[in-house]
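Trainee: Each chain, letter by letter, is given below.
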Amino acid sequence: MEEKSNLRETGLDVIGTVPWGTHFCQFYETKQDLLDVLVPYFKEGLENNELCVWVTSEFLNTKEATAAMKAAIPSFSKYLKKGQIEIFPHTAWYLKGGRFEMKRVLADWVQKHDQALTKGFSGTRVSGNPFWIDNKKDWNDFATYEAAINRVIDQYKLVVLCTYSSKKCGFSEIIDVVQNHEFALIKQRGKWANIESAGHNKMEAALRHSEERFRSYIEMTEQLVWTTNARGEVKEDLPTWRKYTGQSFRQLKDSGWSKALHPGDVKRVVKVWKNAVSRKIPYEVEYRIRRYDGLYRYFLVRGVPVFSTDGNIHEWVGTCIDISDRKKAEEELVKRAEQMEDLNRFLKEESVKKEALLESIGDAIIALDEKKKIMALNKNTEPIFGWKTKDVLGKPLFSLFKLADETGKILPPNLRPPQLALATNQVIRGIYLLIKGKQNNLPLQITSAPVILEKKTIGVITVYKDISQQIAIDRAKDEFVSIASHELRTPLSTIAWSIEQLVEDERKLSNPQIKSLNRIYSQTQRIIKLTNDLLDATKMELGVFPYKLEEINPLDIASDAIIDLSSQIELKKIKFKTHFGKGINAYKTYSNALYMILHNLLSNAIKFTPKGGKISLSITKEEKEIIFQVSDSGLGIPKTAQDKIFQKAYRAGNVKGKFEGSGFGLYITKATIDRLGGSITVKSVKNKETVFTVILPLTQNNEESRLRSSTFDMIGQVNHL
Amino acid sequence: MRTGENNKSKILIIEDETALLELLSDKFTDSGFRVFSSETGEEGMRLALSKHPDIILLDIILPKMDGLTMLKKLRLDKWGKEVPVIILSNLNDQEKVSEAMRIGVYDFLVKSNVKLTDMVEEVREALS
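Protein chains in written order, with the numbering used here: chain A, -2 to 718; chain B, 471 to 598.
Accuracy of the hints is not assured; some may be wrong.
Unchecked claim - Calculated pairs, DSS-like style, for lysine-lysine (alpha carbon to alpha carbon, straight line, at most 27 Å):
hint, chain 1, residue 1, chain 2, residue 2
1, B, Lys478, A, Lys474
2, B, Lys551, B, Lys478
3, B, Lys585, A, Lys505
Claimed, not checked - Residues from chain A that face chain B, not an exhaustive set, calculated with beta carbons under 8 Å:
hint, residue
4, Gln220
5, Arg486
6, Leu489
7, Thr491
8, Gln498
Bear in mind the hints are in silico, worked out from the structure with no lab data behind them.
Positions of the beta carbon are idealized from the N, C-alpha and C atoms, including for glycine.
Could you build the full structure based on these sequences and the hints that come with them?
Mentor: As structure tokens, then:
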């Protein structure tokens, strides 16, 4: 329905119907030409309920026009009365107010159109004649006005017919007129003809419109759009390219555009392009295009060949889409992926390393989390605990085996080393027994260390060292020393006692015999002493430390040593002095070792100090150590010998042959002091004074000694259990 | 020097080294003791329980039963609990000394380091 009412009869056979919004023209030469067209034109309008507005100019004034209409339409006065037709002179319409004003005239047309609709007419049919125009400026204004009509006429129910005097129009004016109207009526050989032109214009306008819209889309999407000829040469302006690259049209023309490509991409792009041209196929390639500011950005470039009807490429059209951000994101993604891979590899390596580290440690290691579940462990746990690592991973440790202390008493979980370490945040170390059944209880040295992360204890790592072997070795060493001492001493005791018995009844023996027996006896005693020293030295070297920790006051030990040596001191009429410092109390030490040290140093002093000489013993206490000094007024030790006297079997030249001795005394003394974590030094002036200074720590934390002393107890335990 | 077998102090010497046992027996016999002797722990134990000596000289390394084991058993006996024992050994390990002391001995003497005379003195002291 609407479609139908949209079409209007023009009243002119050569045209037929036109839709609302049609703007056409007529070129006329004579008055009759005007009447031929305008009268049927308006007659049709009146009969079709349209408001008709006729603005007259040449040949026809308003009266003549009215007369012509009346002649053609019998009921014309009825239409006039109704106000369906208005006829103006051009002075009252175009030149109202004295001059032509486009805006006003347009507004008047719109007003008329609106009035028509208000009054119930279907629309408005108008005609105007610009014959009145007599200068170029007005012509240009009018042409602009006509073009303006074209832009808005679609919105209105208007049909506009402009009549132009062909005499008055020059060539350029005719072109203007034709361009501004959809079609023109021209009399050819006595007949009106319709020259389609404006219709074409309209399509072009529509095309232009859509092109503009397309262009604005493109501008919005920041794509670069291009067209080249078949050979890839730019012949048309590429505004988007210009805008992005900053190239001028002259610069980008032909192959100038390629100068904006990244030099590193040109070779590749040319190859793709040539391939596409030769094969006549669309192509897609990524390359960098330099922006106006010199920055290169990545573009995805697509080109499509446009074929002409003969099958040849007519031109290439294409777009360049900025993919730098995408590319960057892609690269970022790849980088992230690589980082992840690196991290993964690193973690794998770390875990392999950790595993290797765990496995490379000779002892069994178990890491527990804060819930006392096994987090990690090494294969060395298998022979000790008799499990498979994979079977116990993640299990609570304390339910897996029983542990006893050194004495064989089974420990509750809260006294087991890992739990103690967790509870105290300290490293716990000790000797324990792994309960494995009647005969095979295993002595273990266990060290538990808490794992602290950011001040929080998150787990505990425990090292289990099987010390059964060590204990066996220690026992073997002990046995060797025991047997050696026993076997060597037994014949010596027999000889010594036999001589003792012989000498007892001197009456039965001659003097030379007695002399000989005394010699044998003293040499036997020498061998016994040498044997004892040798055995002590061997013990030291084998790592056997035959002393026990006891709480004892060192002053008491010193007194014991002095009492035991008092007969010799008296015999040599030695002036013996002691100096004991303040605050010396009982402390935990290896009392017998201390006795041996003092006894050795004092007996040496007595041996090398001449009759009536002086010996003094001083004992003082420092904050963390106790200092013993034995000085004598004896032979002294030659400078060259001072650093050798602690060596095994060393005897200084000034005593060799004159004094009895094995050369082991100071060696054993120093070895013992070393074991206690102390030091011994000597200062001596020949024939004047010798001072031995021994410094011992007040706290004994000699692990090995502790370990040994406890292993001895344990041997018993192992045997008994 | 005392006379009369019954007034003499009885000493039991347990020592597996024959030469040493002879020397010890002779010395203590000469010094007026009534000497019982044994070369094994087992026999020594039997002699101790049957003869009830006043004092025992006990070696550590012995066949059949070692000295310290014998000592432990002896201390389980009502009489044996009190009898003074002197360990006489050529072992002088701290551990052995400690163990002997723990079980209960009068002294621990190292053979090579004592004279026979000193030993007799020590025994007399123990008996006084």
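Trainee: Would you mind marking each hint as holding or not holding in the structure?
Mentor: Hint by hint, here is what the structure shows:
Only pairs whose Cα atoms come within 27 Å are accepted, and Lys478 (chain B) paired with Lys474 (chain A) is rejected, the gap being roughly 44 Å. Between Lys551 (chain B) and Lys478 (chain B) the CA atoms are separated by roughly 22 Å; this keeps the pair inside 27 Å, and the hint holds. The straight-line distance between the Cα atoms of Lys585 (chain B) and Lys505 (chain A) is roughly 21 Å, inside the 27 Å bound, and the hint therefore holds. A least Cβ separation of about 97 Å between Gln220 (chain A) and chain B goes past the 8 Å threshold, and the interface hint is therefore violated.
Taking 8 Å as the C-beta cut-off, the interface hint given for Arg486 (chain A) holds, the closest approach to chain B being about 4 Å. The restraint placing Leu489 (chain A) at the interface with chain B holds, with a minimum CB-CB distance near 5 Å, inside the 8 Å limit. For Thr491 (chain A), the shortest C-beta to C-beta distance to chain B is roughly 5 Å, which falls under 8 Å, so the interface hint holds. Given the 8 Å rule on beta carbons, the hint for Gln498 (chain A) holds: about 6 Å separates it from the nearest Cβ of chain B.
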